[in-house]
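Q: Listed here are the chains, written in short residue letters.
Protein chains: 2
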Amino acid sequence: MAHVPRDDDAVTDAADAVQAANVAFYAAFEARDLDAMAEVWERSERASVTHPGWPRLSGWGKVAGSWDAIFRHTPFIQFVLTDERVDVAGDTAWVTLDENILQAAGTEEGAESEASLSGARVAATNLFVRDGDDWRMVMHHGSPVGAEDNG
Amino acid sequence: MAHVPRDDDAVTDAADAVQAANVAFYAAFEARDLDAMAEVWERSERASVTHPGWPRLSGWGKVAGSWDAIFRHTPFIQFVLTDERVDVAGDTAWVTLDENILQAAGTEEGAESEASLSGARVAATNLFVRDGDDWRMVMHHGSPVGAEDNG
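Chains A and B, in that order, are what the protein sequence lines are. Numbered according to our numbering, the first sequence spans residues 497 to 647. Numbered according to our numbering, the second sequence spans residues 497 to 647.
It is possible that part of the hints are untrue.
Pairs involving identical chains hold if they fit within one copy or between any two copies, as the list cannot separate such chains.
[Claimed, not checked] For lysine to any residue, the following SDA-like pairs were computed, each having C-alpha atoms within a straight-line distance of at most 20 Å:
no.	residue 1	residue 2
1	558	529
2	558	532
3	558	597
4	558	632
5	558	507
Hints listed in this document are in silico derivations from the structure and should not be mistaken for laboratory results.
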């Protein structure tokens with residue numbers, strides 16, 4: 497799904513690789529697997545994440561800490577991704593999509609409970625940079641759709 | 497404020513140019529000047545914007561329409577930008593920052609009123625691509641800080 501009109505084959509290959517990295521990101525999230533999540537990311541100072549409603553966290557240490565906290569407090573989460581679009585520009589690429597989320601809010605050691613399942617929609621931007629043959633996520637920004645502030 | 501550890505002079509120049517483009521974006525926003533905003537952007541199909549609480553809008557037509565609507569409904573807006581960081585990777589660059597916003601919510605032809613001033617904080621990601629000597633915004637994503645959904 498490349499949208500950049502130059503060097504079509506190379507861009508299509510890159511777009512496929514970026515899309516695979518993006519799939520790996522959501523697989524790690526659904527599995528709540530911190531090691532798999534670390535593999536997806538560029539573990540650098542410039543890595544940053546903005547979870548829905550959270551302030552930005554910068555640097556891999558804080559990014560990893562946020563995933564650890566989210567995974568511990570999320571007994572179940574499932575994503576249906578819609579309106580996905582991949583754009584490649586040289587060694588950088590960004591994916592925009594909607595995350596349609598089904599999740600259970602848990603306690604620290606929370607057991608999964610169907611009674612607490614809830615849905616949400618998040619507009620997400622995922623930024624990747626090329627690392628040899630791989631693409632690493634360097635920025636994830638998710639924002640709740642439907643909040644009131646249009647500032 | 498380049499953070500990329502290669503070819504330092506070129507990257508610093510690029511980071512300065514990106515920062516200038518970022519300043520022009522907020523100047524156009526504060527001035528509520530659609531022509532100036534159009535100059536900032538890459539007016540392309542891949543251009544996209546996610547305003548705080550809004551779904552993503554893709555393509556320059558929809559992006560421009562959103563600025564027009566926001567400008568018509570915002571008699572006054574002022575930004576204090578904090579925690580700004582510029583990262584350049586080749587012909588792509590991203591700026592992350594916090595928008596500390598003072599604004600007046602207005603009606604269609606709304607007159608400015610001090611009584612209706614309100615504050616908000618938005619975590620923003622601004623993505624730029626090089627266009628000759630210029631850098632054009634290709635993606636703006638702003639999300640309200642302090643919303644409850646951590647999905």
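Q: Quick one: which hint numbers does this structure break? Sort them smallest to largest.
A: As far as the earlier hints go, 3 and 5 are violated by this structure, in ascending order.
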